[in-house]
Amino acid sequence: KAGVTQTPRYLIKTRGQQVTLSCSPISGHRSVSWYQQTPGQGLQFLFEYFSETQRNKGNFPGRFSGRQFSNSRSEMNVSTLELGDSALYLCASSLSGAAEETQYFGPGTRLLVL
Amino acid sequence: AQSVTQLDSQVPVFEEAPVELRCNYSSSVSVYLFWYVQYPNQGLQLLLKYLSGSTLVKGINGFEAEFNKSQTSFHLRKPSVHISDTAEYFCAVRLGRAQKLVFGQGTRLTINP
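In the order they appear, the protein sequences are chains S and R.
Mind the numbering: the first sequence is residues 61 to 174 in the working numbering, read in order.
Mind the numbering: the second sequence is residues 33 to 145 in the working numbering, read in order.
If you are wondering where the hints come from, they were derived from the structure by calculation, not from laboratory data.
The reader is advised that the hints may include incorrect statements.
[Said to hold, decoys possible] The calculated lysine-lysine pairs, modelled on DSS-like cross-linking and capped at a C-alpha distance of 30 Å, are:
| hint | chain 1 | residue 1 | chain 2 | residue 2 |
| --- | --- | --- | --- | --- |
| 1 | R | Lys101 | R | Lys90 |
| 2 | S | Lys61 | R | Lys101 |
| 3 | S | Lys61 | R | Lys90 |
| 4 | S | Lys61 | S | Lys117 |
| 5 | S | Lys73 | R | Lys81 |
| 6 | R | Lys81 | S | Lys117 |
| 7 | S | Lys73 | S | Lys117 |
| 8 | R | Lys81 | R | Lys101 |
[What the hints assert, rightly or not] Derived, one-sided and incomplete: chain S residues facing chain R with beta-carbon distance under 8 Å:
| hint | residue |
| --- | --- |
| 9 | Leu103 |
| 10 | Glu108 |
| 11 | Gly118 |
| 12 | Ala159 |
| 13 | Gln163 |
| 14 | Phe165 |
[To be verified] In silico negatives: residues of chain S with every beta carbon more than 12 Å from chain R:
| hint | residue |
| --- | --- |
| 15 | Lys61 |
| 16 | Lys73 |
| 17 | Arg75 |
| 18 | Gln78 |
| 19 | Val92 |
| 20 | Gln97 |
| 21 | Gly122 |
| 22 | Arg123 |
| 23 | Glu142 |
| 24 | Cys151 |
| 25 | Leu172 |
| 26 | Val173 |
Beta carbons are placed, not taken as given, at the ideal position from N, Cα and C, and that holds for glycine.
Take these sequences, add in the hints, and give me the full structure.
Here it is, written out as structure tokens:
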């Protein structure tokens, strides 16, 4: 089975722009979660989607949004980019999002905001 | 709110020496506990997890961890490390039924020949 894939792998944007990141979960997985990883704040939960509905949300401003499609693929969008949004964005998938399930992570998208 | 503390930000060890990476969590309810490894320029890979049952959990690549409820700890151990174990290690908890993982700050393991 193919693992979690994320596109693009690297991205450079300027302040004020917006960006969309894509995540394709493992085949059959319906829960997709997003995390932000920075040297200062570490790994922080952004949100989780299941069956096209956002089920959980972390403490991020409204500039961060996401969606999930009927094939379980997910996108996250960041509007009005700030320098502090530079980070590695990781996507993780699991079968149904149950707490005991393993989350499988993709390689991440590294975003640099100039 | 639950939190996770990894007591060492960096751990240098010699090849073939044993290693312990420490993790403490704070939660008043049952938690599920995980250790993930991140190699350079890669995502996270699960090493092992504790859900219930035996407090000693064995994972991949020769790693194991022990859940200690009274000390709220979940330390990761390996009896003999290899150069290939050089990576960053993250302890994480999941509270109750929530899907969200709460991560520690990570421990960078450096293996010296």
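| query | Are all C-beta atoms of chain R more than 12 Å from that of arginine 123 (chain S)? | reply | Since the minimum Cβ distance to chain R is about 20 Å, arginine 123 (chain S) lies beyond 12 Å and the statement holds.
| said: Restraint: glutamate 108 (chain S) near chain R, CB-CB cut 8 Å. Satisfied or not? | reply: 5 Å, holds
| said: Is the interface hint satisfied for alanine 159 (chain S)? The criterion is a beta-carbon contact with chain R at less than 8 Å. | reply: 5 Å, holds
| query | With d taken as the least Cβ-Cβ distance between leucine 172 (chain S) and chain R, does d exceed 12 Å? | reply | 14 Å, holds
| query | Would the pair lysine 101 (chain R) and lysine 90 (chain R) pass a check requiring their Cα atoms to be no farther apart than 30 Å? | reply | 17 Å, holds
| request: Evaluate the condition: distance from the CB of cysteine 151 (chain S) to the nearest CB of chain R exceeds 12 Å. | output: 8 Å, violated
| 30 Å Cα cutoff - pair lysine 81 (chain R), lysine 101 (chain R) | 15 Å, holds
| Minimum Cβ-Cβ distance from glycine 122 (chain S) to chain R exceeds 12 Å | Check passes; 18 Å lies beyond 12 Å.
| task | Evaluate the condition: distance from the CB of glutamate 142 (chain S) to the nearest CB of chain R exceeds 12 Å. | result | Fine: 22 Å to the nearest Cβ keeps glutamate 142 (chain S) off the interface.
| request: Confirm or reject the statement that valine 173 (chain S) sits farther than 12 Å, beta carbon to beta carbon, from all of chain R. | output: 19 Å, holds
| arginine 75 (chain S) clear of chain R by more than 12 Å, beta carbon to beta carbon? | Arginine 75 (chain S) clear of chain R: closest Cβ-Cβ about 25 Å, beyond 12 Å.
| Cβ separation check - glutamine 97 (chain S) to all of chain R, threshold 12 Å | 9 Å, violated
Hint compliance for this structure: hints 2, 5, 19, 20, 24 are not met, and every other hint is.
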